[in-house]
Amino acid sequence: MREFAGKSVCKGIAIGKIKYFTTKENTVVKRKVQDTDAEIERYEAAKQKAIEELENLYEKAVVKVGEDNAAIFNVHAMMLEDDDFNDSVANIITTQQTNAEYAVASTGDNFSEIFANMDDDYFKARSADVKDIAERVIRVLQGVTDSRELGDEPVILVAEDLSPSETVQMDKDKLLSFVTRLGSANSHTAILARTMAIPALVGVEFDGDYTGHMCIVDGYEGRMIIDPKEEVLEKYRVKKEADDTNKALLAELKGKENITASGKKINLYANIGNPGDLGAVLNNDAGGIGLFRSEFLYLESKDYPTEEEQFAAYKKVVEAMGGKKVIIRTLDIGADKQVDYFHLDKEENPALGYRAIRICLTRPEIFKTQLRALFRASAYGNLSIMYPMIISVDEVLKIKEISKAVREELKAEGFPIGEVEEGIMIETPAAAIMSDELAKHVDFFSIGTNDLTQYTLAIDRQNAKLEPFYDAHHPALLKLIEMVVENSHKAGIWTGICGELGADTELTETFVKMGIDELSVAPGAILPVRKAIRDIR
Amino acid sequence: MKSFEYTITDEVGIHARPAGILAKKVKEFNSVVTISKDGKSAEAKKLMAVMGLGVKQGQTVTVTVEGADEETAVVEMEKFFKENL
Numbered sequence: 001m002r003e004f005a006g007k008s009v010c011k012g013i014a015i016g017k018i019k020y021f022t023t024k025e026n027t028v029v030k031r032k033v034q035d036t037d038a039e040i041e042r043y044e045a046a047k048q049k050a051i052e053e054l055e056n057l058y059e060k061a062v063v064k065v066g067e068d069n070a071a072i073f074n075v076h077a078m079m080l081e082d083d084d085f086n087d088s089v090a091n092i093i094t095t096q097q098t099n100a101e102y103a104v105a106s107t108g109d110n111f112s113e114i115f116a117n118m119d120d121d122y123f124k125a126r127s128a129d130v131k132d133i134a135e136r137v138i139r140v141l142q143g144v145t146d147s148r149e150l151g152d153e154p155v156i157l158v159a160e161d162l163s164p165s166e167t168v169q170m171d172k173d174k175l176l177s178f179v180t181r182l183g184s185a186n187s188h189t190a191i192l193a194r195t196m197a198i199p200a201l202v203g204v205e206f207d208g209d210y211t212g213h214m215c216i217v218d219g220y221e222g223r224m225i226i227d228p229k230e231e232v233l234e235k236y237r238v239k240k241e242a243d244d245t246n247k248a249l250l251a252e253l254k255g256k257e258n259i260t261a262s263g264k265k266i267n268l269y270a271n272i273g274n275p276g277d278l279g280a281v282l283n284n285d286a287g288g289i290g291l292f293r294s295e296f297l298y299l300e301s302k303d304y305p306t307e308e309e310q311f312a313a314y315k316k317v318v319e320a321m322g323g324k325k326v327i328i329r330t331l332d333i334g335a336d337k338q339v340d341y342f343h344l345d346k347e348e349n350p351a352l353g354y355r356a357i358r359i360c361l362t363r364p365e366i367f368k369t370q371l372r373a374l375f376r377a378s379a380y381g382n383l384s385i386m387y388p389m390i391i392s393v394d395e396v397l398k399i400k401e402i403s404k405a406v407r408e409e410l411k412a413e414g415f416p417i418g419e420v421e422e423g424i425m426i427e428t429p430a431a432a433i434m435s436d437e438l439a440k441h442v443d444f445f446s447i448g449t450n451d452l453t454q455y456t457l458a459i460d461r462q463n464a465k466l467e468p469f470y471d472a473h474h475p476a477l478l479k480l481i482e483m484v485v486e487n488s489h490k491a492g493i494w495t496g497i498c499g500e501l502g503a504d505t506e507l508t509e510t511f512v513k514m515g516i517d518e519l520s521v522a523p524g525a526i527l528p529v530r531k532a533i534r535d536i537r
Numbered sequence: 001m002k003s004f005e006y007t008i009t010d011e012v013g014i015h016a017r018p019a020g021i022l023a024k025k026v027k028e029f030n031s032v033v034t035i036s037k038d039g040k041s042a043e044a045k046k047l048m049a050v051m052g053l054g055v056k057q058g059q060t061v062t063v064t065v066e067g068a069d070e071e072t073a074v075v076e077m078e079k080f081f082k083e084n085l
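Which chain is which? The protein sequence lines are A and B, in order. Following my numbering, the residues of the first sequence are numbered contiguously, the last one being 537. Following my numbering, the residues of the second sequence are numbered contiguously, the last one being 85.
In case anyone wonders, no lab produced these hints; they're calculated from the structure. Even glycine gets a Cβ: it sits at the ideal position worked out from N, Cα and C.
Here are the simulated EDC-like cross-link-like pairs (lysine to aspartate or glutamate), alpha carbons at most 20 Å apart as the crow flies: (1) 124(A) <-> 11(B); (2) 24(B) <-> 87(A); (3) 45(B) <-> 84(A); (4) 316(A) <-> 10(B); (5) 40(B) <-> 83(A); (6) 25(B) <-> 84(A); (7) 315(A) <-> 83(B); (8) 45(B) <-> 87(A); (9) 24(B) <-> 55(A); (10) 79(B) <-> 307(A); (11) 46(B) <-> 44(A); (12) 37(B) <-> 119(A); (13) 46(B) <-> 81(A).
Far from chain B, some chain A residues (derived; all Cβ distances over 12 Å): (14) 228; (15) 232; (16) 233; (17) 264; (18) 267; (19) 323; (20) 392; (21) 413; (22) 515; (23) 517.
This is chain A alone, in the form it adopts within the complex (with noise of 0.2 Å):
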């Protein structure tokens, strides 16, 4: 049994024999040639079939996994039509006579050169891509086609790097997983991988062509054994079987709607605390955002962020939504998530101190900041916005106030604005005592269980001794629940939960029964959410 570790790119459990795919490269003799414009022109040919090859490569990713990581051959093709180049190809063929197969090979070799001694991995990475386009020109002019078959048994495959071309002309029914010695998590090849859902490593050091062997690749450990003791393999067999079940489920309930036996169909949305999560909302199949936290872009800041910094994240996530709504949540600083340049005074019992809406009120500035950044980012997509921590009218009116003065100024500046709903966060007893007088005047109401409940029951989660008198479904906080909901729904508007028991599969029918519009829940709880839901009679 051996043992390599590497780094995971995509996780999953892989069991099976090995492939090992040695990298042929093309050998490229240098050869002299007299008519050095037919060579050109030899060239000019080769280049347009390569480029028309990388369309077709393109509209056949498109459909296998999606236009954005198909987009890498419509790039491709715009590098092969890269003037310094075509210029430089041409250069050595004139200049030393040489054949075209040659002159592309060392121009290749020489961009590859200049994007590897770059210091930033993604720029780094993009050495493969030239290397690729390349190859394929090469492979045009010698008349060869790619010649890496796999077999009919699915298997491991191991390789020193795999271009993307590559990966994605592979026959998927056919590959367990990918281990490579090179290539980086930015890589294409990685990318590709995570969205074919299959395990990948990279970076592992293997030492040998392993080819028959069998072996495990644990995409979540990182790790490869080749030739495994019994033991070791029927432990991975029966992870890989719960790996397996959970994929059914997700396959099963994927692009279903979460709708109950009876016909009544809530949404279902995701949270998230940064752009770095909507691969996770996407492949969880979530209808929305129901609560995308805004304070990352204040944590991983060393000062106030911008109103473009902010603009841009903002934009980046309604947009990668498409029309999908996606609630942001205006900063919520305070209490547990504190923030050096806010100069906020240490307190006694900060979880009912200066924190969130309290802070946005006192300091204008900080929140006129971020509701200009949404307003703007709105032209852009479904995006509505929700401000934590009210407890009375009068605040919500406060904000609207403000609201409107932001959004009358952007427009005299001439910034498009998108509709945008403007909602509250209940998740304190006033609100939820105060929820149809509160219902007047907002849009939504989305209920944060986790404050609501310690509110409620005057008990701090963070206090292991509270443990026994803490019931998380305590009658008091339902009753709470199912009041705001009526409310709303008198009111003429909606309500969500967007708190951890909105993912508490054993509170999923009482909430529907309740007449909840919307749960939002972790990306990883959206499927089970949504087999509660459908399981509903």
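For this one, chain A is given, so just place chain B on it according to the hints.
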């Protein structure tokens, strides 16, 4: 000659895809469009040269436009950078 400064907000910087679209876009104009950063510069129509500048998020580039249609080109370029980078 017209020029403007722009700070990149795209998280990966001037990466392959927008650089490729930029290269195509620039060819619509007669003007020569140049991107420079820290004394290094590249013609915008040259994809690899532009990527070779290695411009990352938060860095500021100067874009200069020179030629007969520079008035319209500079406006289009500013729009392009704001929308794509």
